[in-house]
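Engineer: Heads up: the sequence shown begins at 0 in numbering that gives the first Met the number 0, then just goes up one per residue.
There are no misleading hints in this set.
Here are the simulated DSS-like cross-link-like pairs (lysine-lysine), alpha carbons at most 27 Å apart as the crow flies:
{"no.": "1", "residue 1": "Lys59", "residue 2": "Lys289"}
{"no.": "2", "residue 1": "Lys710", "residue 2": "Lys628"}
{"no.": "3", "residue 1": "Lys265", "residue 2": "Lys571"}
{"no.": "4", "residue 1": "Lys710", "residue 2": "Lys578"}
{"no.": "5", "residue 1": "Lys578", "residue 2": "Lys414"}
{"no.": "6", "residue 1": "Lys301", "residue 2": "Lys289"}
{"no.": "7", "residue 1": "Lys424", "residue 2": "Lys414"}
{"no.": "8", "residue 1": "Lys562", "residue 2": "Lys424"}
{"no.": "9", "residue 1": "Lys571", "residue 2": "Lys424"}
What the hints contain is simulated information worked out from the structure, not anything from laboratory work.
Predicted model only: the values in this text are computed from it and were never measured.
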Amino acid sequence: MPQRQPIDQQPTHSFEGIRLRAGKPYPFGATITPNGVNFAVFSRYATEAWLVLYRKGAHKPYVEIPFYPEFRVGHVFAMQVFDIDIEDLEYGYRLNGPYNPREGHRFDRNKVLLDPYAKLISGRDVFCGPSEPHNPFPHRARVLLDDYDWGDDQPPNIALEDLVIYEMHVRGFTRHPSSQVHYPPGTFAAVREKIPYLLELGVNCVELMPIFEFDEFEYDRINPLNGEQLVNYWGYSSLGFFAPKAGYAGTGRYGMQADEFKTLIKALHQNGIEVILDVAFNHTGEGNHKGNTISFRGLDNKTYYMLGPNGEYLNFSGTGNTLNCNNPVVRDMVLNCLRYWAAEYHVDGFRFDLATILGRGTNGMPLANPPLLEALAHDPVLANCKLIAEAWDAGGLYQVGTFPAYGRWAEWNGKYRDTIRRFLKGDGGQVWEAAERIQGSPDMYGERGTRASINFVTCHDGFTLMDLYSYDRKHNIANGEDNFDGHNDNHSWNCGVEGPTDDLEILALRRQMIKNAVAVLFLSQGVPMITMGDEVGHTKHGNNNTYCHDNELNWLDWTLAEKNADLYEFFKHMIAFRKAHPILRRRQHFTHRDEVGSGYPDISWHTTRPWVTDWSYHNRTLAVLMCGKHGAQSGVGRAAQDDYVYMAMNAHWDDHRFEIPPLPEGMSWFRFCDTSAHAPHDVCVPGDETVLAQQRFVTVAGRSIVILVGKPTPKSPRPRRRTLS
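Can you build the whole structure from these sequences, using the hints too?
Structural biologist: This is how it looks when you write it as C-alpha cells:
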C-alpha cells in the first residue's frame, strides 16, 4: 500500500506552473523540506511580499511568486515551494509598504532584498574578484544542503584561563606569496595547511576576525599614495550573519564555503585548537540613509535599526547605523545566529565587537539589565561557548570592568593594554596600576576572577607590536581620510627615530621593548591574546587603522619568521613557560596572604629591595613574586604545587640592582629570561633554566625585564669512590 503524504506536504496553489502552499512561519530563512523548500521572512510593516527566484548567476529572475494573504501568519510571510532545484537556485524577497523615513519606513518595491537568515550568499565568491556594478541584485541567498560529516569531532573545551588566543585574519594569514601554501592563498583551506605553525608557536585558540559574508567593495575611495582601490578588508560590516564569507573559500565559487570552513574547524579541533569568531552585531553593511538598501532596511527598517524621533539613524557604531539588538525580533535573530554557529559549525566562542551596543535599549540608552546579554549568558545551546565583549562603542559608552557579565562574560581589557604600554615606555605614576593589571585587574573584576580579563598589548585595531616601538604617531595617509582616522593616543615610543632606521642601538632597543611587552603579557593573570604577525615582527609602517588595505600592510610575510627568528623563539618560549606554570593561570584573584603555611603570601610586590613597595610617581621599578606553593587555586580545587616565579621589571633608562627575596632552604633561583640579553641568551626552554651564580641580587638593565624561577637546588654529583686494585 503506497505511503500517504502528510497533508501539509501537499501543494494547494500554483503560480506559473510552480506548485506551492502556505509555509511554516518558523524557522526563518530557507529550509529544505521532503518535497521542496520552505521560505519564511519577517516584516511587521510590509503590506505585500514576493519570493523572487533566479537561476544561478542569472541577472533576471525566472519567476516572482506573491505571498498570498493566507500565506501570512502574524508578521511572517511563509511559503513552501515544491519540486525546486536547489542546486541551481538563488533567491531574494521583494516587499511593498510605506515609504516615510520620518516614521522609520523605507520600503521600496523596486528592490530585491537579501534574506537575513541566508545560510549561503553569492555575489562575492572570489575576494576582490570582478564586481558587477550593473547587477541590480548582486548579493543573493542560496539554499544550503547541510550534509557535512563531522565524524567524532569534539570541542576541546579548554578552560578559559588556559587559553593562549591568536587573533587572525583569515585572508591575511596566508595571502602573502611567501606563505607557499598549496591551497588557494587567503582561504580557510590555506589556514588549515598552516596548523603546524600554530602548534609550534604554542597557541591553542584562534580568534578569527569577521568571517560572515560582507562586501569588500563597500567603500568608494582610492589610496591617495598609489591610486589603488581601497576595500573593506577587515569585514566588520556584515551583509548576512548566518553565511560564511564565500571569498574566504577556495571553493566559494562552487558554493562550498560552508564545508570548507567546517573542515578547517574540524582540523583545528583535532589539533587541540579552539575557534572563536569575532562577530559584529552592532551594525550592518547598509550604512546610513545614503547607503544601499540590501536587506534589513528594505525588510523592516523600523524594527532592525535604532532610530531617532525623526527617523534618523542613531550611530553608536561609527558606521552610520546601529542594529536594534534589544528589539525582541532582532534579539531572537542574534540568538538564533549564535546558536547556529555553535551547533552547525562547532564554534567554541564569540568575541563581540563594540559589545556595549548590545546593552542599549531601542532608544539607544544603556539598559540596567539588557535582555540580549542576559539571554546569551543563560542560553543552553551556548552554555559551553566563551563569550568575550569589546566593552565600549563609538557612542562613548565604556564598560570595561562594569560590563553586565551574568557570571559568563569576559572582556577585552583595554585598560590592561594602555597601562602596560605606559608603564613599559617609562611614563611616571604607572607602577601601582601596572601591578593591578599584572595580577588580573582585581580592582576591576573582583568576584568575577581573573578570567574576566582578556589581556593584550596589541590587536588588529592599532599599531602592531613592532610599530608600537617604531613610531610616535600614526601614519594613515594611505587610508584616504587625511590621517584623521585611527587613534591618536597610542602610548607608543619610537625609541629615538620615527620609522625605519639602520641605527643598531635603536633596533636592538626596539626588540628589547617588544620582548618586555611579551614577557609581561604571559606572566599576567588573565587570558593572554596576541595578534597575528607580532610573533615575527610584522610592521604596517605606522598605519594604525589598516581596515581598508588588501596588501602587504595586512598580509603576514612568512619570510619574517627567519629574519626575526629571535622574536619568534621568544614568543614560543614565553607561551611554553606560561603553560608550564599553573601559578600564572589562576581562576581566582590572589589573596596576598599565606593560606597554606608556606611562609610566603601567594603574591607579593617589591621594588629593588625585597618586601618594600614604592607606588610613588617617580618610581619606575617593580618586581613581583608568585609563590607556587599556593598552586593555581581554581574555583574547583587546587592544582599541583608550582615553582616560585619572580619577575623584575625596570622601566627606567638606567640599570638597577634588584635584591631578590630569599627562598626556603634547599631551593635556588634560576634565570629563565633577560630581555636585555642578545638571542639566544635572552630566554631558554622552560625547565632548562641556569642557576644564578649570585642568589642575593640580579642586575636588571635599563628598560628590560628579568624572570627567575625558584625551584629545588640540583644535587651535586657525588664523587666516585676509588678502589684499590
